[in-house]
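> Residue strings, one per chain:
2 protein chains.
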Amino acid sequence: MVEVREFRQSDWPIVWAIIHDVVSAADTFPYDPAMSERQARETWLFSPPGLTVVAVDADRVVGTAALGPNRPGPGSHISTGSFMVAAESRNRGVGRALGEYALAWARREGYAAMQFNAVVETNTAAIRLYERLGFVTLCTVPGAFEHPSRGRVGLNLMLCDLSSAPVQSISATTE
Amino acid sequence: MVEVREFRQSDWPIVWAIIHDVVSAADTFPYDPAMSERQARETWLFSPPGLTVVAVDADRVVGTAALGPNRPGPGSHISTGSFMVAAESRNRGVGRALGEYALAWARREGYAAMQFNAVVETNTAAIRLYERLGFVTLCTVPGAFEHPSRGRVGLNLMLCDLSSAPVQSISATTE
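Order-wise, the sequence lines are chains Z and V. Using the numbering used here, the letters of the first sequence correspond one by one to residues 1 to 175. Using the numbering used here, the letters of the second sequence correspond one by one to residues 176 to 350.
Since the hints were made in silico from the structure, they are not lab data. Note that the structure is a prediction, hence the values are computed from the model and not measured. There could be a bad hint or two in this list.
[To be verified] Restraint-style ranges between C-beta atoms, simulated for each label pair:
(1) S199(V) - P49(Z): 15 to 25 Å
(2) P223(V) - T122(Z): 29 to 39 Å
(3) E3(Z) - E181(V): 46 to 56 Å
(4) E217(V) - R60(Z): 31 to 41 Å
All C-beta atoms, glycine included, are put in the ideal place defined by N, C-alpha and C.
Please build the complete structure, drawing on both the sequences and the hints.
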């Protein structure tokens with residue numbers, strides 16, 4: 001059973017290992033593949049109004065999410081989130097648990113929507129999950145992501161409107 | 176005649192005055208309206224591969240642009256730009272000179288496109304200018320910007336493909 005809880009400093013070694021793996025693979029995140037540990041801390045560890053969480057399965061950290069306002073000032077009523085799951089724990093509901101937690105958090109914090117700015121269009125597992133959670137793709141920026149094996153592929157802008165009723169829960173592991 | 180040149184440290188007082196005015200008005204940029212001078216420096220002054228420029232009219236700085244890659248790593252072949260014009264110098268071709276300079280810079284640096292992530296949809300003067308420069312709106316995120324008088328309005332994602340021939344120059348002040 002996957003549980004999601006707030007990040008603690010003692011989680012950092014495993015969270016950094018997950019980030020390092022995902023970022024070096026360079027096939028799902030528009031981050032610098034050579035990102036240093038210090039840059040990863042600055043990119044991923046948020047203090048309020050942002051929040052960093054981890055997904056825990058049998059006391060092991062298997063995924064993480066970084067949540068917060070998508071833009072400052074007049075754009076700060078829209079939230080955003082980034083999600084990473086350890087390679088050996090994929091396809092086991094970890095991303096789903098993190099996504100449901102993120103949307104529940106955003107509703108609770110009063111955000112009007114959650115926006116993903118750059119979902120790689122070949123990351124179909126993530127896109128399918130986000131669609132099940134209630135996200136829609138507003139547009140795709142063609143060729144905006146240099147994929148290591150597929151060449152230039154698109155980046156989707158995805159949005160989940162939080163002003164309407166939530167999509168019926170597809171899991172009982174959160175909230 | 177408006178000329179565009181690289182930013183120099185001695186330009187900062189007037190550039191900061193322009194940024195402060197634009198950001199406090201809070202009607203065109205999703206920046207913190209209370210942005211400090213230090214934050215403004217970090218947000219606006221880019222070193223390579225980015226570039227900050229100013230528009231100069233009769234030796235007076237009347238506008239500025241901040242240019243660079245839109246995202247790191249696998250997204251770094253797409254450029255972005257932000258433009259600000261002093262209130263008393265609007266509707267005089269300053270934005271056009273900055274926009275043409277930006278696109279010429281992006282072509283020269285080998286970017287595949289220039290992307291604007293968040294153009295306020297009520298900023299019709301800017302949108303018309305960008306369209307004349309060759310940008311198209313790929314989508315509008317509804318209600319993503321809290322406008323001080325109009326309430327929640329949309330943010331446009333705009334893109335100019337640089338792989339095709341340039342739009343015929345509409346001004347002789349750049350290049």
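> What are the numbers of the hints that this structure violates, sorted from low to high?
Of the numbered hints, all hold.
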